[in-house]
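Residue numbers (the numbering used here), protein chains in the order written: chain A, 1 to 257; chain B, 1 to 224; chain C, 1 to 224; chain D, 1 to 203; chain E, 1 to 203.
Some hints here could point you the wrong way.
[What the hints assert, rightly or not] Restricting the straight-line Cα-Cα distance to at most 35 Å, the calculated cross-link-like pairs of lysine-lysine (DSBU-like) are:
1) A:Lys94 to C:Lys14
2) A:Lys9 to E:Lys146
3) E:Lys6 to C:Lys81
4) A:Lys9 to A:Lys123
5) E:Lys8 to C:Lys14
6) D:Lys178 to A:Lys159
7) A:Lys161 to E:Lys121
8) B:Lys81 to A:Lys161
9) A:Lys94 to E:Lys121
10) D:Lys146 to B:Lys81
11) E:Lys121 to C:Lys81
12) E:Lys8 to D:Lys121
13) D:Lys110 to D:Lys178
14) C:Lys14 to E:Lys146
15) B:Lys14 to C:Lys14
Bear in mind the hints are in silico, worked out from the structure with no lab data behind them.
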Amino acid sequence: MSRIWNFIKSWTVEMGSPPLFFQWSSKALPWLAIISIIVFSIGMVWGIFYSPTDYKQGDVYRIIYIHVPSAILGQSILMFMAICGFITVVWRVKISGMLIKSAASIGASFTLIALITGSIWGKPTWGTWWVWDARLTSTLILFFIYTAIIGLHSSLDDKTKADRAISILSLVGIAIIPIIKKSVDWWYTLHQPSTFTLSSAPSMAPDMYQPLLVCVLGFYLIFAFLLTMNLRAEIVFREKNKTWVSKQYLNRQKNDK
Amino acid sequence: MKSDIYNWFFLILKRDLLIAFRRSSTYITPLIFFLIVVSFFPLALSPDQDFLRSLAPGVIWIAALLSSLLAVETIFSEDFKDGTLDEFFVTNEPSFVLVFAKVLCHWLITGLPILLASAISSIILYLPASSFLPMICSLILGTFFMSLLGAMGAALSLGRSAILSSIIVLPFSIPTLLMGTAVVSSAINNQDYSGFLLIMGAMLAIGIPGLCLLTVEAILLNYE
Amino acid sequence: MKSDIYNWFFLILKRDLLIAFRRSSTYITPLIFFLIVVSFFPLALSPDQDFLRSLAPGVIWIAALLSSLLAVETIFSEDFKDGTLDEFFVTNEPSFVLVFAKVLCHWLITGLPILLASAISSIILYLPASSFLPMICSLILGTFFMSLLGAMGAALSLGRSAILSSIIVLPFSIPTLLMGTAVVSSAINNQDYSGFLLIMGAMLAIGIPGLCLLTVEAILLNYE
Amino acid sequence: MLPKLKVKNLSCSRADNLLFHDLNFEVVAGKNIEIIGSNGSGKTTLLRILLGLINIGEGKLEWLDNEENYNHYRSIDCFYQGHSLGIKNLLSAHENLSLSSYSFGASEEKIAYALDRVGIKNHLSFTSELSVGQKKRISIARWLLKDFGIYFIDEPFSALDDQATSLIIEIIEELNAKGASFVITGHRASDVISNQIFLDHEV
Amino acid sequence: MLPKLKVKNLSCSRADNLLFHDLNFEVVAGKNIEIIGSNGSGKTTLLRILLGLINIGEGKLEWLDNEENYNHYRSIDCFYQGHSLGIKNLLSAHENLSLSSYSFGASEEKIAYALDRVGIKNHLSFTSELSVGQKKRISIARWLLKDFGIYFIDEPFSALDDQATSLIIEIIEELNAKGASFVITGHRASDVISNQIFLDHEV
Ligand code: HEM
Ligand SMILES: Nc1ncnc2c1ncn2[C@@H]1O[C@H](COP(=O)(O)OP(=O)(O)OP(=O)(O)O)[C@@H](O)[C@H]1O
Ligand SMILES: Nc1ncnc2c1ncn2[C@@H]1O[C@H](COP(=O)(O)OP(=O)(O)OP(=O)(O)O)[C@@H](O)[C@H]1O
Ligand SMILES: [Mg+2]
Ligand SMILES: [Mg+2]
């Protein structure tokens with residue numbers, strides 16, 4: 001058991017050393033870009049042009065292909081950040097701290113997209129932009145947690161410090177999310193019966209569902225791609241004075257010639 | 001001499017805006033704080049649409065006051081600690097220009113985000129679109145007045161007794177709160193709200209010179 | 001060794017309580033703030049008894065959360081600035097005892113005034129007497145949890161503005177808000193509220209060790 | 001030449017302690033004054049009284065104005081540097097100079113020259129990463145931004161290494177040559193400044 | 001006698017600057033070490049690394065424990081005094097001693113003696129009215145509260161008058177005689193302490 005533990009530790013530490021990461025990520029990046037763009041476009045095109053029109057909502061429902069994947073991503077990214085946060089707090093792996101920072105803004109954006117697309121969708125279907133429903137509310141709170149993390153990071157001038165600070169916050173965040181989901185559920189049912197529970201919506205037809213799955217996968221890949229890009233930018237920014245960074249760029253310039 | 005004062009004013013404004021923009025939390029936090037406080041009310045009270053709409057003016061105004069007050073509280077403290085406030089007072093330039101520049105800068109970096117946040121809140125609290133414009137107008141006047149008041153409170157509590165600040169600032173903010181709420185609720189009920197706006201404008205007109213001068217005095221108190 | 005930790009704990013508690021009592025603003029401000037927030041509702045909305053009674057649980061809880069949060073924000077900053085926090089960390093005594101002692105002290109000087117203020121408010125807002133006890137119980141658990149959370153926020157944002165630590169803490173305080181209002185409104189409607197109290201207790205039980213340890217981490221961060 | 005500032009019978013007490021009593025001195029162009037006293041003897045207080053930052057002293061301050069009259073009102077440009085240095089962490093070294101109240105009206109070349117003179121390269125990054133001493137150098141750079149009449153500097157020599165100390169002395173002499181005067185404080189007599197005022201009552 | 005602390009190959013860099021590299025020294029009972037360096041050379045950082053307040057150095061610290069083994073974990077009581085003095089303005093001089101973390105377990109007589117020793121009468125009022133130097137004296141009084149193994153003092157001699165300086169030297173010698181060691185920092189070599197470590201890279 002402890003050997004596996006040690007292996008994970010040494011592996012993360014090693015692969016996470018910024019120069020090494022930079023090396024393997026620059027090889028992986030083009031592939032990641034190609035694959036994620038292909039999967040994402042397949043999902044989008046399939047969903048938006050080739051899936052059947054909903055008999056009740058018409059074509060508005062197609063917003064689902066953005067809404068649901070981004071809502072899912074919004075939650076997964078916080079989970080991812082909490083894992084990185086754990087690694088940062090316990091082992092002080094530098095790069096996992098940068099990972100949280102790079103993931104935070106992506107997570108916030110996806111959550112915001114989910115909120116906005118949801119609102120846009122809500123206007124025609126529910127007749128209002130916003131309802132204080134359990135799921136919506138907890139998504140809003142999720143967004144607040146992201147902004148708290150981002151705000152904290154920006155307020156600290158020392159960036160390695162800031163990384164550790166937001167690791168702590170994302171650890172607390174992940175612990176509180178299930179409580180919020182649960183309590184918000186109770187809260188709603190306490191006052192009045194839920195009018196718009198999403199879970200009791202009619203189960204989807206498979207030819208609507210399949211493109212959705214592809215979209216979700218595409219969003220995950222896009223996240224991986226954006227994350228790598230963000231992280232590389234972050235590394236270059238943080239280590240701009242280190243020799244390996246200037247070397248990297250010198251090499252790049254030589255290759256360009 | 002006159003153009004000198006303008007340059008002086010812009011020097012301070014530029015300096016403070018630059019520092020504020022270097023730390024994005026200065027303008028993001030009031031916005032988020034506002035939204036969180038607003039979302040507390042549906043959570044703690046009831047998510048019912050009609051109920052929330054009737055509550056909305058009060059809720060938005062409470063959130064605006066709180067976030068502007070909280071944000072203003074550090075307006076002088078950093079300059080005081082690192083000695084730059086001393087330097088501004090040592091020059092022969094008029095000090096109330098300094099105070100006004102700092103208040104204006106503060107309003108730009110917190111008041112504007114609060115306006116944005118209140119626009120979002122008016123949607124999630126189901127405010128009718130017709131009340132949007134009066135709400136924004138009253139908020140502009142009100143948050144600026146709060147920045148002025150808060151600056152005075154912050155000056156009084158520089159280094160010591162925070163009690164003075166909250167006891168002075170909170171009661172004085174109540175008229176603004178009541179006026180502001182009155183503007184928005186009148187607008188919702190299609191009543192005339194211009195009277196309230198006028199009163200708020202008048203308060204601001206008196207407040208700008210009056211409170212700036214008092215704030216100068218309050219800052220100088222800390223040097224004795 | 002064990003009695004040593006107790007003595008250590010009481011040393012910190014005594015020191016902090018003494019300092020707090022020398023500066024009356026520490027315990028008066030939360031009380032005044034609470035009362036101002038609460039009294040705003042009858043003023044701005046409607047003085048109708050039934051309306052206010054329906055509002056009361058939420059309003060009291062929102063006021064409690066906000067005032068406890070505002071007060072907690074300076075819990076470590078002074079010790080950090082004047083170097084005493086360094087000294088506490090240099091000794092070989094366990095640091096989470098320090099954090100817990102400071103949180104407890106903070107709760108004593110702000111949580112208790114809040115309880116007093118909420119007792120007064122329950123009269124202003126026409127809460128039935130039967131809901132008084134559950135309200136106090138839930139507030140005790142809730143404000144203590146808020147002090148813990150706030151301490152973490154304060155440690156993370158040491159030296160930064162108050163509003164930053166509030167936006168860190170507020171999202172996490174929502175479960176407390178929901179549970180707390182649920183307790184009071186169940187009590188008003190003569191429903192069983194023990195379940196909610198239990199959950200609040202459980203959150204506190206997990207929060208005390210967990211948040212104290214994370215707070216220690218957060219404080220140490222500021223030294224790097 | 002007329003003295004820029006005449007201090008007459010200045011006394012001050014704080015919390016029932018007499019800090020100083022019947023001080024009389026004059027600040028003359030090109031000459032410096034060193035105020036020496038142990039901790040708590042009132043050096044900082046004296047400087048702040050002279051500048052009008054606090055208003056608790058008794059006695060007379062007379063400032064020279066452009067028409068060679070003496071006024072209670074100060075029209076001379078003064079530079080004050082207290083225990084805190086007046087350096088903003090979030091501004092770069094250059095911005096700290098160009099946006100400080102003392103640089104008001106200073107040209108870009110002056111700023112570049114001043115930074116160069118104290119040996120601070122224009123760090124593009126924020127000054128938050130600099131040490132106390134490095135910040136002190138930046139604050140010294142500001143002495144050079146304009147021609148101030150009198151410099152009031154609180155303990156310029158504390159927390160400085162030898163190199164920086166001799167830098168300060170050099171700069172002081174240079175500014176003296178241009179007619180500026182320094183009023184500085186310290187705990188023991190430095191060898192550089194001849195005119196010394198001792199604030200020595202018991203601690 | 002075994003050294004209380006062995007520092008082996010300690011290096012540290014901050015924001016890409018190497019502050020110090022391969023430091024090796026030992027703290028021996030009754031002997032002092034002075035760390036000398038210009039501003040920003042990393043003196044404060046070194047003290048904090050030694051105490052474990054920050055965790056950014058590379059190298060080894062070995063502390064003597066009761067069984068005469070060396071551990072990474074520090075079991076020796078240490079006294080740390082940074083640039084800020086650890087004095088509470090709202091407490092009186094006496095309370096500042098009796099309620100400080102260093103007084104934990106110190107007797108009432110020790111406190112009275114310590115205050116007396118540094119020449120501070122037990123001001124019943126708060127310390128907020130005292131000057132920086134007077135506060136420094138109070139903080140020095142705390143050295144005497146218990147028998148600490150090692151005292152880490154950041155710039156004890158800055159901002160002090162001659163009287164206080166000699167007081168400090170006296171107290172250090174007194175504590176040395178009891179077996180305590182001092183690790184202090186400064187900008188230039190003081191005459192009192194023989195063992196000196198220079199942190200001198202360029203500023
Ligand atoms: C601002 C408003 C909205 C927000 C914040 C929101 C948020 C969410 C979230 C968090 C999920 C869960 C994703 C997951 O983990 O599976 C979700 C799923 C979903 N939402 Fe929304 N939503 C909003 C509006 C809407 C509207 C207006 C509709 C359509 C009437 C809608 C339809 C759906 C559907 C069909 C799912 C997938 C349900 C499932 O298969 O589990 N949403 N939304
Ligand atoms: N705000 C105040 N209220 C009352 N007394 C004060 C105040 N500020 C300073 N004092 C007292 O005035 C005296 C002089 O303080 P001051 O700061 O001028 O001393 P200093 O000579 O600058 O000392 P140091 O060398 O330590 O900087 C001190 O004894 C101090 O106790
Ligand atoms: N939090 C930090 N982040 C990055 N760099 C830092 C930090 N704190 C200090 N430094 C840098 O580390 C170096 C050493 O700082 P330190 O405070 O240890 O210097 P010092 O020798 O104590 O100087 P002084 O004599 O001015 O007190 C400085 O160059 C400073 O820029
Ligand atoms: Mg002084
Ligand atoms: Mg130092």
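Against the structure, the hints:
no.	hint	verdict
1	A:Lys94 to C:Lys14	violated (40 Å)
2	A:Lys9 to E:Lys146	violated (43 Å)
3	E:Lys6 to C:Lys81	holds (31 Å)
4	A:Lys9 to A:Lys123	violated (49 Å)
5	E:Lys8 to C:Lys14	violated (41 Å)
6	D:Lys178 to A:Lys159	violated (45 Å)
7	A:Lys161 to E:Lys121	violated (43 Å)
8	B:Lys81 to A:Lys161	holds (23 Å)
9	A:Lys94 to E:Lys121	violated (51 Å)
10	D:Lys146 to B:Lys81	holds (25 Å)
11	E:Lys121 to C:Lys81	holds (26 Å)
12	E:Lys8 to D:Lys121	holds (34 Å)
13	D:Lys110 to D:Lys178	holds (15 Å)
14	C:Lys14 to E:Lys146	holds (20 Å)
15	B:Lys14 to C:Lys14	violated (46 Å)
Checked against the numbered hints given earlier, the structure breaks hints 1, 2, 4, 5, 6, 7, 9, 15 and satisfies all the rest.
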